[in-house]
Amino acid sequence: MFLSIILATPMVAAVVIMFLPRERTIWPRWVALAGTFLTLVLTAILYFRFDTSTVGYQFPETWPFLSALGIQYAVAVDGMGLAMVVLTAIIIFAGVLASWDMLDRSQEFFALLLVLVTGVFGVFMARDLFFFFLFYELAVLPMYLLIGIWGTGKKEYSAMKLTLYLMAGSALLLVGILALFFNGDTHSFQLAVIAEKTFSKTFQIIFFPILFLGFGTLAGFWPFHTWSPDGHASAPTAVSMLHAGVLMKLGAFGIIRIGLELLPVGAQVWAPYLVIFTLVNIVYGALVAMAQTDLKYVIAYSSVSHMGIVLLGICTLHPIALNGAVLQMFSHGIMTGLFFALVGMVYGRTHTRIIPDMGGLAKQMPFLAMAFMVGALVSLGLPGFSGFVAELLVFLGAFKVYPLPAAIAVTGILFTAIYVLRVVQKIFFGPAKEQFEAIRDANLIEKTCLAILMLVLLGVGIYPNSLVKIINLSIEPLCALWGALS
Amino acid sequence: MINHAWIIPVLPLAAAVIVALAGKRGDRLAGSISAGAIFFSLIISLKFFAAFLVNPAAKEVSWVWLKSAGNLTLEVGMLIDPLTVIMLVVVTFVSLMVQIYSMGYMAEDEGKARYFAFISLFTFSMLGLVLANNLVMVYMFWELVGLSSYLLIGFWYHKPEAANAGKKAFVVTRFGDLGFLIGILVLGYFLNTFNIIEVGTAAQTGKLTGGLGTCVALLIFAGAVGKSAQFPLHIWLPDAMEGPTPVSALIHAATMVAAGVFLVARVFPVFTASDTAMLVVAYVGGFTAIFAATIACVQDDIKRILAYSTVSQLGYMMMALGCGGYFAGVFHLMTHAAFKALLFLAAGSVIHAVHTNNIWEMGGLIKRMGITGTTMLIAAVALAGVFPFSGFFSKDAILFAALDAGRMDLLVLGIFTALLTSFYIFRLFFVVFTGKPNSTQPGHESPAVMTMPLMTLAILSLGLGFFAARFEHFIVASLGANREILHQHNRLVPMFAFLAVLFGFGWAYLVYFQKAISATLLTRKFSLLYKLLKHKYFIDEIYLFFVRYVMLVVSAGLAWFDRQVVDGAVNGVAWLCRRMGAGIRRLQVGRLQAYIFAFVLGLIVLAVSLLVTHPDVMAIIP
Numbered sequence: 001m002f003l004s005i006i007l008a009t010p011m012v013a014a015v016v017i018m019f020l021p022r023e024r025t026i027w028p029r030w031v032a033l034a035g036t037f038l039t040l041v042l043t044a045i046l047y048f049r050f051d052t053s054t055v056g057y058q059f060p061e062t063w064p065f066l067s068a069l070g071i072q073y074a075v076a077v078d079g080m081g082l083a084m085v086v087l088t089a090i091i092i093f094a095g096v097l098a099s100w101d102m103l104d105r106s107q108e109f110f111a112l113l114l115v116l117v118t119g120v121f122g123v124f125m126a127r128d129l130f131f132f133f134l135f136y137e138l139a140v141l142p143m144y145l146l147i148g149i150w151g152t153g154k155k156e157y158s159a160m161k162l163t164l165y166l167m168a169g170s171a172l173l174l175v176g177i178l179a180l181f182f183n184g185d186t187h188s189f190q191l192a193v194i195a196e197k198t199f200s201k202t203f204q205i206i207f208f209p210i211l212f213l214g215f216g217t218l219a220g221f222w223p224f225h226t227w228s229p230d231g232h233a234s235a236p237t238a239v240s241m242l243h244a245g246v247l248m249k250l251g252a253f254g255i256i257r258i259g260l261e262l263l264p265v266g267a268q269v270w271a272p273y274l275v276i277f278t279l280v281n282i283v284y285g286a287l288v289a290m291a292q293t294d295l296k297y298v299i300a301y302s303s304v305s306h307m308g309i310v311l312l313g314i315c316t317l318h319p320i321a322l323n324g325a326v327l328q329m330f331s332h333g334i335m336t337g338l339f340f341a342l343v344g345m346v347y348g349r350t351h352t353r354i355i356p357d358m359g360g361l362a363k364q365m366p367f368l369a370m371a372f373m374v375g376a377l378v379s380l381g382l383p384g385f386s387g388f389v390a391e392l393l394v395f396l397g398a399f400k401v402y403p404l405p406a407a408i409a410v411t412g413i414l415f416t417a418i419y420v421l422r423v424v425q426k427i428f429f430g431p432a433k434e435q436f437e438a439i440r441d442a443n444l445i446e447k448t449c450l451a452i453l454m455l456v457l458l459g460v461g462i463y464p465n466s467l468v469k470i471i472n473l474s475i476e477p478l479c480a481l482w483g484a485l486s
Numbered sequence: 001m002i003n004h005a006w007i008i009p010v011l012p013l014a015a016a017v018i019v020a021l022a023g024k025r026g027d028r029l030a031g032s033i034s035a036g037a038i039f040f041s042l043i044i045s046l047k048f049f050a051a052f053l054v055n056p057a058a059k060e061v062s063w064v065w066l067k068s069a070g071n072l073t074l075e076v077g078m079l080i081d082p083l084t085v086i087m088l089v090v091v092t093f094v095s096l097m098v099q100i101y102s103m104g105y106m107a108e109d110e111g112k113a114r115y116f117a118f119i120s121l122f123t124f125s126m127l128g129l130v131l132a133n134n135l136v137m138v139y140m141f142w143e144l145v146g147l148s149s150y151l152l153i154g155f156w157y158h159k160p161e162a163a164n165a166g167k168k169a170f171v172v173t174r175f176g177d178l179g180f181l182i183g184i185l186v187l188g189y190f191l192n193t194f195n196i197i198e199v200g201t202a203a204q205t206g207k208l209t210g211g212l213g214t215c216v217a218l219l220i221f222a223g224a225v226g227k228s229a230q231f232p233l234h235i236w237l238p239d240a241m242e243g244p245t246p247v248s249a250l251i252h253a254a255t256m257v258a259a260g261v262f263l264v265a266r267v268f269p270v271f272t273a274s275d276t277a278m279l280v281v282a283y284v285g286g287f288t289a290i291f292a293a294t295i296a297c298v299q300d301d302i303k304r305i306l307a308y309s310t311v312s313q314l315g316y317m318m319m320a321l322g323c324g325g326y327f328a329g330v331f332h333l334m335t336h337a338a339f340k341a342l343l344f345l346a347a348g349s350v351i352h353a354v355h356t357n358n359i360w361e362m363g364g365l366i367k368r369m370g371i372t373g374t375t376m377l378i379a380a381v382a383l384a385g386v387f388p389f390s391g392f393f394s395k396d397a398i399l400f401a402a403l404d405a406g407r408m409d410l411l412v413l414g415i416f417t418a419l420l421t422s423f424y425i426f427r428l429f430f431v432v433f434t435g436k437p438n439s440t441q442p443g444h445e446s447p448a449v450m451t452m453p454l455m456t457l458a459i460l461s462l463g464l465g466f467f468a469a470r471f472e473h474f475i476v477a478s479l480g481a482n483r484e485i486l487h488q489h490n491r492l493v494p495m496f497a498f499l500a501v502l503f504g505f506g507w508a509y510l511v512y513f514q515k516a517i518s519a520t521l522l523t524r525k526f527s528l529l530y531k532l533l534k535h536k537y538f539i540d541e542i543y544l545f546f547v548r549y550v551m552l553v554v555s556a557g558l559a560w561f562d563r564q565v566v567d568g569a570v571n572g573v574a575w576l577c578r579r580m581g582a583g584i585r586r587l588q589v590g591r592l593q594a595y596i597f598a599f600v601l602g603l604i605v606l607a608v609s610l611l612v613t614h615p616d617v618m619a620i621i622p
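For the protein sequence lines, the chains are X and B, in the order given.
When you number the first sequence by the working numbering, it's gap-free, plus one each residue, and the end is 486.
When you number the second sequence by the working numbering, it's gap-free, plus one each residue, and the end is 622.
If you're looking for bench data, these hints aren't it; they were derived computationally from the structure.
Every residue gets a Cβ at the ideal spot worked out from N, C-alpha and C, and that includes glycine.
Among these hints, one or two may not hold up.
Said to hold, decoys possible - With a straight-line cut-off of 30 Å between C-alpha atoms, the simulated BS3-like cross-links for lysine-lysine are: (1) LYS426/X x LYS159/B; (2) LYS525/B x LYS515/B; (3) LYS363/X x LYS24/B; (4) LYS47/B x LYS67/B; (5) LYS159/B x LYS447/X; (6) LYS59/B x LYS207/B; (7) LYS525/B x LYS447/X; (8) LYS447/X x LYS426/X; (9) LYS433/X x LYS159/B; (10) LYS59/B x LYS159/B; (11) LYS525/B x LYS433/X.
Stated by the list, open to error - Beyond 10 Å from chain B on every Cβ pair, some chain X residues (computed): (12) MET18; (13) ILE26; (14) LEU46; (15) PHE48; (16) THR226; (17) LEU392; (18) LYS400; (19) ALA407; (20) THR411; (21) ALA417; (22) ARG422; (23) PRO431; (24) THR448; (25) LEU455.
Let's have the full structure, built from the sequences with the hints guiding it.
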């Protein structure tokens, strides 16, 4: 029941919020905070109760649902799933803190946010493809309303673009999922049953890329990434945090869980070609980020670049790199959450996101400057923070399989250093500007939000085994698949 | 005992955290906490030093840090050998001097707490670097050293030049770090170990030979080139003077730039296994030495002269290492740490007094700043390498190393560099301290908290050389027990070196003290050369050109491509869908005639095609 409780908590909070009196605009945020805090605590308990001595899924639950079609409500977590559940719980808690001042239609806003999180949790826990897909869509769809209603700039365009784009990805997924369902004699949506099937090589070669592209679109795979800069730029703070922090990881998670685990031969055939695209992600993403003047676009393209490292790690199919990829999913999730929270806070004060218009802000807001600096350092892979460990693992693993591409990918960290330090300098350094005289530094709520994220980045960076140990438990059996093949 | 070595770096780290958390409230105590922590680190380091003098055998201890599927274990650990203990003492000692000095220098600064937190972080990073037992850990602290210098160089972040210089230092050194990181990846690929001792053994037993060995050595050297400001990645160091002057002393003497030389010394077997790599190290070092020395001869900014001097001296050290002169390189690192720290702190004392960096706005200061002037003179003589000052012994060892290696070209180059060194440093001294005062500022001696470190460092600059022979046996022990010390006892080398120093001194004396030769006349006569040197061979401009006209143009081009082409395709699909929808919509506008027309037309088409393909259906029709 443990997982279902975690899954249901945000949903219950969302329902409670909808029943609050309309005129109490402040109440929803308290309910949301309570709900997400409870989720965070439960997730922490889950993390500590997780048995690290055995591989495989833990805390399993199954309820019959549509037995005729082989559909069950089945949830369980393995190491990778657990890491992602922890990530989600942290980000949504910080996200609620970051949208503390969201009082415009706050009921709907927080309710939708919480529904979305339920969907995300569901994907990370699902052991049945039907529910996997259901939760996947549940996570993607509220985004349309969240961006369309509470967004900024050309929000209608961005919301529509993002939703249609991701729906196109989902369409591919549906094709892939149905193919997995119908292939062979036993027709079932249960992942455990499908994993027992052996798919022919031809089948795998045809359907792996379909699933990869379907999930890859959400993971920001080049050249299907352009929904993300517009979407992130238009979305309100907490939505950007969730979207870049968690939703993009759904894509990468899906590639591993469905693509790699179920179609290992297809993955083996396609991976060498996909590696080239991931390099484009990394280097091109960083170079494009360099040319941006809107702060949110910089962060969005930096996500494209960093997700490239995740995808590179996945495409090497090497245990070390896969470990790194999952760790990078976690690390980038927290980091980009930190960044988008900061962008929201800076924008709330300066009312501009255009980088050249800012400057010298470290004087008025030293805490925000420090926090932004931390984000920048994680982004450029500074040791001591989680990003470094993740990238190092990806590079180490990738180099063993594809030395030259790995060396090219390493140059990405130089470009990242260039653009990210330039941004820090232009926003926070230099002489203080008069028009920002009256700006105040972060308040207690904001500081709490940022401090949580920074401490997680630091903690994982100093003691990465806290997560790697758990992620290992998923990667080892996965890589055994290829070991068995050769 | 080795189990307690972790206390050495942790003390300054703790100080950094305490001072940072206390923030403005702890302003008054920041300096004392920070200096106090490093003082105890120094004491412990000295204990280690004493212990290793007795028994120089290397000791190692390590713990598992990260275990990944795919047979990868990363460790945290410490490797302590004579090289380590020397570096520990050098780093903690120079850092202590700098911090005591800073209490006076930064007394009026608003961001004192931040300053001391950063300095402690810097010291922590460097200590971690020298203690690390594996290259991944070295790389980690290596980056932290880079971060700390970024923070300290850009300490006065409201000054655009400072913010720029900090970023430049980080990015330029990171360029070299890429090489280092890839070198680590190569080691992971071929040896599956990052342990310094194991890598060294692999190199000695021929597991890292040929192209592979050279490749690894050169990749690691790329990192060293960045951090130790060797040509062509030297451009960040002269700009680094935008930071507070005591920080420059720390960067130029004991941390940051020392890291590169230390790294080469640390994995020396990897280099000695490859002749090509040694050759590259020697010539890059030799070239940097003379290249930077020529630039130092014409600069007007006191800190800039010293900065190019550092670049040149680091080149010396690299040249020594490249010639196989392990002791020479490391010993010069030590002596240089003492006199260069002193030079910078003395320069800081001067700047503190006259509020300018331009040497032509100083002059005649020796009368008003006796201690600063005297200690600076000692440092200058040591830098020039005059017997019996410490610089003489280490420079001599370097020249002998070149001779031992049979590299006469580098020997000549080294001697000529000594001439230039002697010239520029005495030029600086004469212009600043002798002649008529040019400053509008009164100028006064600095407080005791600043002059005490000067005097302590002066004693070391003078005295370190006498222990050269003692150090030689000790340092070389790092390479393994039975390493023979070979010397060609050639009297000619020190003699020529001495003549070169004398010539350089005489030249500076004639031009800037006696003013027998007009400096302006010289610059006019050699105006082209002067311009070239003054502009530092236009290297900065070349980089700027690449950044501005290559990297930024590519970046802007890709951004355009992404918006117009990649995203354009997306919008194009949307547009196409809309157009198709609009087109098809016309079919369903509710005009009944059109529907019937289409219906009849379709019927006719079907009927005709049926008749054409199946002529026999005619028979069924009655």
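Now the hints, each set against the structure:
no. : hint                : in the structure
1   : LYS426/X x LYS159/B : holds, 12 Å
2   : LYS525/B x LYS515/B : holds, 16 Å
3   : LYS363/X x LYS24/B  : holds, 14 Å
4   : LYS47/B x LYS67/B   : violated, 34 Å
5   : LYS159/B x LYS447/X : holds, 27 Å
6   : LYS59/B x LYS207/B  : holds, 24 Å
7   : LYS525/B x LYS447/X : violated, 63 Å
8   : LYS447/X x LYS426/X : holds, 22 Å
9   : LYS433/X x LYS159/B : holds, 13 Å
10  : LYS59/B x LYS159/B  : violated, 46 Å
11  : LYS525/B x LYS433/X : violated, 47 Å
12  : MET18               : holds, 34 Å
13  : ILE26               : holds, 32 Å
14  : LEU46               : holds, 22 Å
15  : PHE48               : holds, 19 Å
16  : THR226              : violated, 4 Å
17  : LEU392              : violated, 7 Å
18  : LYS400              : violated, 6 Å
19  : ALA407              : violated, 5 Å
20  : THR411              : violated, 6 Å
21  : ALA417              : violated, 5 Å
22  : ARG422              : violated, 7 Å
23  : PRO431              : violated, 5 Å
24  : THR448              : holds, 16 Å
25  : LEU455              : holds, 13 Å
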